[in-house]
Amino acid sequence: MIKYGYIRKIIYFSAIDGPGNRTVIFLQGCNFNCLSCHNPETIPIFNNLNMENTEVQLMSVYDILKVLDKNKSFIRGVTISGGECTVQFEFLLDLVMNLKKHGYEVYLDTNGSLEISKFQQMLHFVDKIIFDLKVFEEKEHIKLTGASNRKVKRNIKIAAVSHQIYEIRTVVIPKFIDNYKNVDKISKFIASLDKNIQYKLTTYRQQGVRENLLKTNSPSKKQMSNLKEICNNNGLLNVIVN
Amino acid sequence: MSELLDIIKDKSLTYEQRVLTLARYAEDQLNVLAIDAETQNLRDEGIICDLYEGHAPYRPRYIVPDYDKFVKNGSKFLELEPPENLYDLLNKLIILYRHVPSISSFPVYIGNIDYLIDPFITNEEDDYKFIKYFMQNIDRTITDSFCHANIGPKETVAGKLILRAQRELNTSIPNITIKYDEDVTSKELLYDSLKTTMVTAKPSFANDKMFRKEFNGDYAIASCYNGLKIGGGNYTLVRIVLKKLAEKTENYNEFINELLPNAVNNTIKYMDERIRFLVEETSFFKSSFLVNEGLIDISNFTAMFGMVGLAETVNRFSKGRFGIDKEADDMGVEIIEKIYKMVNEHKNEYCKAFDGKFLLHAQVGIDDDKGVSPGCRIPIGEEPDMASHLNQIARFHKYFPSGIGDIFPFEETYKNNIEALANVVNGAIDTGVRYLSIYSSNSDVIRISGYLVKKSEIEKLRNGDPVLRDTVVLGRGAVDNQKVLERKVRGNV
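Sequence order for the protein chains is A and B. So the first sequence is residues 6 to 247, counted in our numbering. So the second sequence is residues 306 to 798, counted in our numbering.
Take the hints with a grain of salt, since some may be wrong.
Only pairs whose alpha carbons sit at most 20 angstroms apart, straight line, appear in this in silico DMTMM-like list of lysine to aspartate or glutamate [said to hold, decoys possible]:
hint : chain 1 : residue 1 : chain 2 : residue 2
1    : B       : K500      : B       : E724
2    : A       : K77       : B       : E654
3    : B       : K646      : B       : D630
4    : A       : K233      : A       : E216
5    : B       : K646      : B       : E724
6    : A       : K133      : A       : E145
7    : B       : K788      : B       : E764
8    : A       : K75       : B       : E563
9    : A       : K75       : B       : D690
10   : A       : K205      : B       : E717
11   : B       : K591      : B       : E563
12   : A       : K71       : B       : D690
13   : A       : K71       : B       : E493
14   : A       : K77       : B       : E487
15   : A       : K148      : A       : E216
16   : A       : K75       : B       : E632
17   : B       : K793      : B       : D635
18   : A       : K75       : B       : E654
19   : A       : K77       : B       : E632
20   : A       : K77       : B       : E724
21   : B       : K492      : B       : E724
22   : A       : K105      : A       : D68
23   : A       : K75       : B       : D735
24   : A       : K75       : B       : E687
25   : B       : K631      : A       : E110
26   : A       : K75       : B       : E717
27   : B       : K500      : B       : D486
28   : B       : K574      : B       : E654
29   : A       : K205      : B       : E724
30   : A       : K133      : B       : E493
31   : A       : K156      : A       : E172
32   : B       : K643      : B       : E563
33   : A       : K14       : B       : E559
Computed spacing ranges between beta-carbons, pair by pair [said to hold, decoys possible]:
hint : chain 1 : residue 1 : chain 2 : residue 2 : range
34   : B       : E642      : A       : K77       : 23 to 31 angstroms
35   : A       : K75       : B       : E642      : 21 to 29 angstroms
36   : B       : G351      : A       : N103      : 38 to 46 angstroms
37   : A       : N103      : B       : E632      : 27 to 35 angstroms
38   : B       : E642      : A       : N103      : 45 to 53 angstroms
Hint data in this document are derived by calculation from the structure and do not stem from the laboratory. Glycine included, each C-beta is placed from N, C-alpha and C at the ideal position.
Please take these sequences and the hints and turn them into a complete structure.
Rendered as structure tokens:
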């Protein structure tokens, strides 16, 4: 049976979703509900019943391969993002298997919360993973996202062992938590796995965020560089601030 | 006579620009070319357009000296021995550049400068300073952005120093092209070139394999993006404004079977006459030291048959839109193939570079063109996604050995991911794109069409202040009339 996915958007050329030029496929639906989400419209999980009045498209793997075909010569690979791409697990698995079959380099941009057995299954068909590790302490993670981060940390460990982590990202949100403590803990955690893993600290920006849930300012450049220094002091060799 | 006085009094001209404008005015008082009534009508209608090349051509439009020969032999006429060291070389090149004419009176080709310079490099850091001074000298003395330098395809120390100087100087002159071949050019030189173009809108990328095959060996990229033979050049460039021709009929069959062949034939006749006058009646090929010393040879000359406004022509006749619908693009190919075939069937005895043939050229437009897209380009504002765009242009690039190119501004984030740009360039070349230019959407130096201008200088000119480089005037016209600042910015869409 042909599987269909709920596709929010496809960006043909992107320079910010992994190495080289990439086509990015954004899948609809997320199992987190982050207060700081910049694209809250990607959160609702769709089914056939609520397809009216939406930009979300139902696409088969074949439809996506057809779209990618004209792009193939000009990109290094494909990144699948969301929402949270693993929410549509069956479709995603089918998609990544086919993308690999057609010679694409495949990256997943995920919050890392997938069931561990499913995550291991997925890893076979994916080149690298871009993880969001938003908060280290579980209680605070629940406060920000509405979900635990136990599986996230576990999956990061699994992907680190197989050297399949492209990058781990944390958004620095002032006032919400103690960012110095948070980044200190996350960077120690990453360093304990592999000091070469790329860690990106992203400057929080209010744009797109639901103001009724979270309203804060952006961190200063000085704060960001101090956080980077903490990561370097904890032994991380590839820390990026943006 | 009042026109003459206007030129003398014009506050926006520098002294040099004034002298050149007066010379053009004087030339245009002559009426020495044998032009028949039909051709003259087409000229008066703006369908055949010689781009203000002048009424009595007394030098070839583009001259491509063999600079290797100059470096080897020096010049008797200029009383120069072959250079002995880097400073000597750069000084002597600057002297020679002063004596290479063209339609603009400035040299449109200044050599494969990395290969010229590289054998003279002895100490990278010290030599870098000289190269930077050299590049600065060119920008301030050859004040015309059609001045074009080539680098590559092989990586050299000099090539990398030239790019570094460009990043630091951030000047619009010279235009630079890297002859790029993925199998010959190092990844480092490619990345360096991309890094540089995101700062200062150059170099552009020429498909080295494609050019080398057509030219049966080495070639030069001169002026905008024109492939020409080294040690030769181009006598004349006359274009057909397809859009204006198309406006004469509602019927595509009449256009393709009657109007177009007639206009092509008349353009060819007009070009033949310009070449005849230049070669037979003027003294250029009889007395120029460039000819006498073998820096150019008439056997390496050709002429360029130009066209503009394919998009508007197709959109007039097709149900689809050019650049978007396949049926429209197919019509575009049919029109170009027709011109290509007719132009290639014609032989001119003085165009020995390509067995008597003229070469096809997708002309980039002039500043006062309104609603006419350059060459075969998709109109600004209607550009499809970039992959579709590159696939579309590749269908046309193969017909234009003496020049066609497309321009893509990229989002600034691509500065941090040079590999992404390399993916695009390699993909484009593999797809059959001949020539492409990339720049950062927020740079001061931007590519107008085939030349570079600083946005800040356009503003200066708008305020009525004189500007050093004559091409700024053209740039202002292109910004106003051709919306070049509104090109679709690529990346992350």
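Checked hints:
For the suggested pair K500 (chain B) and E724 (chain B), the alpha carbons sit about 10 angstroms apart, so the restraint of at most 20 angstroms is met. The hinted pair formed by K77 (chain A) and E654 (chain B) fails the criterion: a straight-line CA distance of about 46 angstroms is larger than 20 angstroms. A distance of roughly 24 angstroms separates the Cα atoms of K646 (chain B) and D630 (chain B); the hinted pair therefore is violated under the 20 angstroms criterion. For the proposed pair K233 (chain A) and E216 (chain A), the alpha carbon gap of about 28 angstroms is over 20 angstroms, so the pair is violated.
Restraint check for K646 (chain B) and E724 (chain B): not satisfied, since their Cα atoms lie roughly 39 angstroms apart, outside the 20 angstroms limit. With a C-alpha separation of about 27 angstroms, the suggested pairing of K133 (chain A) with E145 (chain A) is violated against the 20 angstroms cut-off. Only pairs whose Cα atoms come within 20 angstroms are accepted, and K788 (chain B) paired with E764 (chain B) is accepted, the gap being roughly 15 angstroms. A threshold of 20 angstroms between alpha carbons decides the hint, and for K75 (chain A) with E563 (chain B) the separation of about 37 angstroms lies outside it, so the pair is violated.
Restraint check: the Cα-Cα separation between K75 (chain A) and D690 (chain B) comes to about 10 angstroms, which is no more than 20 angstroms; the hinted pair holds. Using a Cα cut-off of 20 angstroms, the hinted pair K205 (chain A) and E717 (chain B) holds, with the two alpha carbons roughly 19 angstroms apart. With a CA separation close to 40 angstroms, the supplied pair K591 (chain B) and E563 (chain B) exceeds the 20 angstroms bound. With a C-alpha separation of about 15 angstroms, the suggested pairing of K71 (chain A) with D690 (chain B) holds against the 20 angstroms cut-off.
Taken as a hint, the K71 (chain A) and E493 (chain B) pair is broken in the structure, with Cα atoms around 33 angstroms apart against an allowance of 20 angstroms. Taking the CA atoms of K77 (chain A) and E487 (chain B), the gap is near 18 angstroms; set against the 20 angstroms cutoff, the hint holds. A distance of roughly 16 angstroms separates the Cα atoms of K148 (chain A) and E216 (chain A); the hinted pair therefore holds under the 20 angstroms criterion. A C-alpha spacing of about 18 angstroms is found between K75 (chain A) and E632 (chain B), which places the hinted pair at or below 20 angstroms, so the restraint holds.
For the hint linking K793 (chain B) to D635 (chain B), the alpha-carbon distance of about 24 angstroms lies beyond 20 angstroms, and the restraint is violated. For the hint pairing K75 (chain A) with E654 (chain B), the CA-to-CA distance comes to about 44 angstroms; that exceeds 20 angstroms, so the pair is violated. Simply put, K77 (chain A) and E632 (chain B) have alpha-carbon atoms about 23 angstroms apart, too far for the 20 angstroms limit, and the pair is violated. With a C-alpha separation of about 15 angstroms, the suggested pairing of K77 (chain A) with E724 (chain B) holds against the 20 angstroms cut-off.
Taking the CA atoms of K492 (chain B) and E724 (chain B), the gap is near 10 angstroms; set against the 20 angstroms cutoff, the hint holds. Of the pairs offered as hints, the one joining K105 (chain A) and D68 (chain A) holds, with about 16 angstroms between alpha carbons and a cut-off of 20 angstroms not exceeded. The straight-line distance between the Cα atoms of K75 (chain A) and D735 (chain B) is roughly 13 angstroms, inside the 20 angstroms bound, and the hint therefore holds. About 19 angstroms separates the Cα atoms of K75 (chain A) and E687 (chain B), which keeps this hinted pair within 20 angstroms; it holds.
Between K631 (chain B) and E110 (chain A) the CA atoms are separated by roughly 30 angstroms; this puts the pair beyond 20 angstroms, and the hint is violated. Between the alpha carbons of K75 (chain A) and E717 (chain B) the distance comes to roughly 24 angstroms, so the proposed pair goes past 20 angstroms and is violated. Straight-line distance between C-alpha atoms of K500 (chain B) and D486 (chain B) comes to about 18 angstroms, which keeps the hinted pair within the 20 angstroms bound. Distance check on the hinted pair: K574 (chain B) and E654 (chain B) sit about 13 angstroms apart at the alpha-carbon level, within 20 angstroms; holds.
As the CA atoms of K205 (chain A) and E724 (chain B) are separated by approximately 19 angstroms, the hinted pair is consistent with the 20 angstroms bound. Taken as a hint, the K133 (chain A) and E493 (chain B) pair is broken in the structure, with Cα atoms around 25 angstroms apart against an allowance of 20 angstroms. Only pairs whose Cα atoms come within 20 angstroms are accepted, and K156 (chain A) paired with E172 (chain A) is accepted, the gap being roughly 17 angstroms. Between K643 (chain B) and E563 (chain B) the alpha-carbon distance is near 12 angstroms, which keeps this suggested pair within the 20 angstroms criterion.
Under the criterion of a C-alpha separation no larger than 20 angstroms, the hint pairing K14 (chain A) with E559 (chain B) is inconsistent with the structure, at around 45 angstroms. Range check, E642 (chain B) to K77 (chain A): about 27 angstroms between beta-carbon atoms, so the 23 to 31 angstroms window is met. Checked against the hint of 21 to 29 angstroms, the C-beta distance between K75 (chain A) and E642 (chain B) comes to roughly 23 angstroms, which is consistent with it. For G351 (chain B) and N103 (chain A), the Cβ-Cβ distance of about 54 angstroms falls outside the hinted range of 38 to 46 angstroms, so the restraint is violated.
Separated by about 31 angstroms at the C-beta atoms, N103 (chain A) and E632 (chain B) satisfy the suggested range of 27 to 35 angstroms. Separation of E642 (chain B) from N103 (chain A) is about 38 angstroms and departs from the stated range, judged on CB atoms against 45 to 53 angstroms.
Hint compliance for this structure: hints 2, 3, 4, 5, 6, 8, 11, 13, 17, 18, 19, 25, 26, 30, 33, 36 and 38 are broken, all remaining hints hold.
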